[in-house]
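Novice: In case you want the letters, here they are:
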Amino acid sequence: MNLLLQFLVDSILLGGLYTLMAIGFSLSFGVTRIINFAHGEFIMLGAYGAFWLFKIWGVDPLIAMPAIIVLGFATGWLVFNSLIKRVLAAPNINQILLTFGIGLVIQHIAVILWSGNSRSTTPEYALQALTLGEVFIPYGRLIGCAVAVALVALLIAWLKITEGGRAVRAVAQDEDAATLMGINVKAIYALSFAISSALGVATGVVVSFIITVTPFMGFPMLVKAVAIVIVGGLGSIFGMALGAFILAFTETAFAYYVPEGSGWSEGVAFVLIMVILIIRPHGLRGQAEA
Amino acid sequence: MHQKHRHLLSISAFSAFTALLCLPVAHAQESFKIGVPASLSGRYVAYGVQAKNGVEQALAVWRSVRGDTVDGRKIELILSDTQSDNAITVSIVNDLVQSKKVNAMIGPDGSNVAAAAVPPWKKFAERPIWLMPGGSSTRIEKEVGPDPYFFHTYAWAYYYHINNTAVLKASLGSKKKVAFVYTDGAYGRAHIDDARRYVKEAGFDIVASELVREGASDFNSAIIKVRAARPDVLYTLMQTTDAVQFAKQVYTAKIGVPYLVGTAQAQLPEWQDAVGEAQNCWTGVTTWVTGLKLVADPREPKLFPSAADWETAWRARYNNKTPEFLEVGYYVSTILALLAVEQTKSVDREKIKAWLVTQDYKTPYASSSKFMPSEIALHQAFGTMVVFQQVKEGNKFVSKVVYPKELATAELQACKY
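Sequence lines, in order, name chains A and B.
Residue 8 in this note's numbering sits at position 7 of the first sequence; the count goes up by one each step and never skips.
Residue 132 in this note's numbering sits at position 131 of the second sequence; the count goes up by one each step and never skips.
In isolation and in its complexed conformation, chain B is listed as follows (with noise of 0.2 Å):
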């Protein structure tokens, strides 16, 4: 008997030893994996391209700053296609929580695709950290709620309107006259009401206020019906798609409205070729620009260079591309994810939760990355958003900005017809 338990004492003893040995090994295989659902086909596959081309980026990066790891661990990248369709988009979440485990998640891109992730990812208890830098949505919000586990890393839509009014404020005064042109899809909806409100709060009179048909043929009466209006500001709320007939028809029309205010659309590449000559004096709101005075962050400059830095690495690696608001986002959103891990030294969601809350990053994206509350959601960073105005210099167009005044580089000018 004694003889017994002196040779289980030692079996004991070989597998603790055994056990602490592998410990160092065991931790060292242990993966940091970071989920990112995209829509790399189907309509919204240019997000999603920017969405991959940008946690691409954020990852040579760390790769050549840092080293292949994240506190000794694997960086294992799990990319899904969501083929641009909420159901599928579900099946993926589902399948990065559940069966692949992921420690975070970033994306999706776009405002559909990322409200129908919410329902599968809240369901699971042991949901990993979220970060999402696409999607503007108030719904994807208030279908979150106050998780805290989420974090916003783009701007709610309300936000484009506070931007929005604050430049038209600061460079009109008040009492002056707006005119709304919304389309009655998701997008128009979603944003004539936060619109209203922040145009009034600003003491702005709304004189017109049109609805027209997403994908309409035609936008000529809302045109007509606002120039009989005669507004100070017309804003419009649309997406691209029919943002650029409206753009070509408005300028067609010499509509005679100084001031002509849109939003996320004026940014992007693809409306500005598409409407050419009549991006003229448009403005617009963006997290992004070509040009922004963004100086590097002291503790992490190779990580969060100033934005001129960050560009030129980017167009470097990217054969000259412009980077698009996207792009930025998830490099910011990634890298965050990963010093979160290792400045934690753990995938423990409670401890990047923790970390995430309390860090404050100087980046190239807009604003610094400290996370406030947002009306709902517990955890918003880069709501400050940069107010841009369309104007031609030489034989091209070049987006100045003009809000906010530490990064502006021009005034707003009245259009001139």
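Isolated chain A, as found in the complex (with noise of 0.2 Å):
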């Protein structure tokens, strides 16, 4: 019974973990339909962001996050309008080519100017838990869960409300018609894409003291986004959660439940996401909806 506990109580946490990982990916792929081969690497420039103002002033990674968010916006429309813009009507392979030379080169100078080395913030609540019983609750990976609900309702909740929101789920639907109706579809794009990098960074400040901090930390966490949103559906915010539940359940269970499963777990999620895509091609959340 403890087991089962544990087994459920560490899904959910990862499964926000996971949420955290994909959420922006999920907005920029959504709106934008380039796949940011680069998304992990700024999740990464986001928890060395946070590593830095620890280890230097002691900042703590929560407090840093609001800053760090506003330099990963003003990242992202930056790399957007000097770079993202020119292939928006380029072939497919031309933008991955792209992105994933962007996620290169940020990979490339960190190692540069930070080495290889692996690094983790250390504050106080990423070494303790909270414990019920023989359950434990780990408060690293709880705030993590916590600060990706809170992403996603705000993002839910900006899309729908807002006028800027609407636009963005305008294009995401039909680009022609947005047009038509008067939207600046580039400045949607734009707009879309640096949220989708302040999210990565947000991302980044909470792994910080979850996971190891290297500069090669990124493309795995991309692997993971771009199968959470493929499974969730394209362009949907709780089919990407769903997705990154389903997930972090499959691979819980199997670490949890199968001799050894742990080294194999990632894989059957992975065939998991297979059959769910041959069963519903467009995803479990359909075509772009918020």
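Derived by calculation from the structure, the hints in this document are not laboratory data.
Quick caveat: nothing in here was measured; it's all calculated off a predicted structure.
A couple of the hints might just be wrong.
To be verified - Now the in silico label distances, taken between C-beta atoms and shown as ranges:
(1) A:GLY59 with B:ARG67: 46 to 54 Å
(2) A:GLN129 with B:GLY204: 33 to 41 Å
(3) B:THR323 with A:ILE110: 23 to 31 Å
(4) A:ASN3 with B:LYS371: 48 to 56 Å
(5) A:GLY59 with B:GLY204: 42 to 50 Å
(6) A:ILE110 with B:THR313: 31 to 39 Å
What the hints assert, rightly or not - Reference excerpt, derived from the structure (chain B facing chain A, CB under 8 Å, subset only):
(7) GLY216
(8) LYS249
(9) GLY277
Note that the Cβ used here is the ideal one computed from N, Cα and C, for glycine as well.
Hey, can you piece these two chains together into the complex? The hints should help.
Specialist: Structure (structure tokens):
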């Protein structure tokens, strides 16, 4: 019974972490239809931002988060307007190569500036847990899950309530119709990309005290984010969160209940994703909705 | 005809005389070339920088003690960047051996690139002497085989477990329960069989053996299963990146296992910095740690001073930076190569090989420089490692040596939760 409870707790917390990894990618992919292969590197930049602020000035990562989000937004805006904008009409392979290249450049700059050493932030809560009987809930992961819920809620609220959000949804649903309605599509693309980057660095801040920070941490997270977004359904924030939790529950179940299952739980989770895509090619939540 | 013969004779005599005059000059101009393939960029850049630091410190000390040459030869250091890439490492080794014709190769650092360097080095019949202070993977040992020109100056992976189990047995006795957690990557899989073997040989029971995915976002399932098995010892086999996250999760879970055993990661300042309080009580194995009570070599006290004096000199040169094990390893290996040329008055690999096999110096690097056969390789030095435990003293952590007995500064302590 205790093992089952711990399994449920761990699955939920991991689902929150996966939601964080995928949320920014989901937004930019859903709106611009560009697979941003540099998204993992934005997460990495956020993690390093949190790490250095913590290391040099002792700033708690959660306190540093708003400033890092603003910087992430500005960086995303700059990257879109200086680089991504130029390949919007280009074939998909050009877009993929460009974003992949941006990711590699960021990664190499990180190695040059900060070396390949493993790092981590260690605020007190990152090493503490809430204990309920034999079940324990690590505060760091709990905070990660809470931030994921908050960001998903904020994003959905922004998409539903604000004019800018509605414009983003309109562009995601039908770019031509949105143009006819007087929406500046390129500006919406830039806004979506900038918000996506801001969400990426916010994710980085949280993971800086949960997993290990290195210049190479981005790509594995990107792979998971792509899988989650495709399973959830293109452009669906709720579907994305659902995909994240399916992945988390499957992986954790194998890790807990199959001998040496941790080693291949990830593989099994991706088999499950393939099965879902065979049954529902558009993902669990279909096409572009918030 | 007679006159022609006399003319030829005088030319020959003049040529021979000139050649004789030039001989010492040619000898003086001949270099001793040391090739150092190092990961100066890319994923393993931290190791590469340590390799470079160690070699440069050795050359600086040599120049201050012996001068700019070795046996009248100019010392030529050829430092090449592997970019942490196996394919580039192959090209570099080809270049060092075939084009640059180095007399000795030191490095590369890290098991992956070191393994990549084996085939290109081995394919040359006239391959140079190879000293390897980085790379513990037994895959390298298997690929090199019993090669007479290969000198391993760091411990093979199984030495970690020989030393770890020795201290566990000495401190706890046998019949204790051990749980393993190992990654599915090259590191975990390379170590697990040897680790199990030596743990069993020491008389311990293995009560859990948990495989985890390299780079996983969560290790909690393995930690929960280990906790349920109630072992006396948690023995982990994973590289630094995973070991950072794992140590933090173990600390957070208050796992309740009295002894936490790691391998190479616990000695690294990057691991210690990254895990903070979670480093408490972990043990690790190394060939170097600050505070080793090792005395100077009586014959070469300036080249191989006591560990304390060596560290003082190092800190003076590198802005008070704490030396890391690779830096010490590259230092000792470079000095050995230079001494070999000086003692044999030659850069001939047969003479250098013969000298290296017989030499035996006290070094600042855990143990003497004497080479012995290992399981497969012919020449292995520094296999006796230091086991240490991270202990909090005041506001900082220190590495207390718990093995070998003659170097110990503390006894192995059970973790408190």
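Novice: Would you mind marking each hint as holding or not holding in the structure?
Specialist: Okay, the hints, checked on the actual structure:
no.	hint	verdict
1	A:GLY59 with B:ARG67: 46 to 54 Å	48 Å, holds
2	A:GLN129 with B:GLY204: 33 to 41 Å	37 Å, holds
3	B:THR323 with A:ILE110: 23 to 31 Å	27 Å, holds
4	A:ASN3 with B:LYS371: 48 to 56 Å	54 Å, holds
5	A:GLY59 with B:GLY204: 42 to 50 Å	47 Å, holds
6	A:ILE110 with B:THR313: 31 to 39 Å	36 Å, holds
7	GLY216	5 Å, holds
8	LYS249	6 Å, holds
9	GLY277	4 Å, holds
Hint compliance for this structure: no hint is broken.
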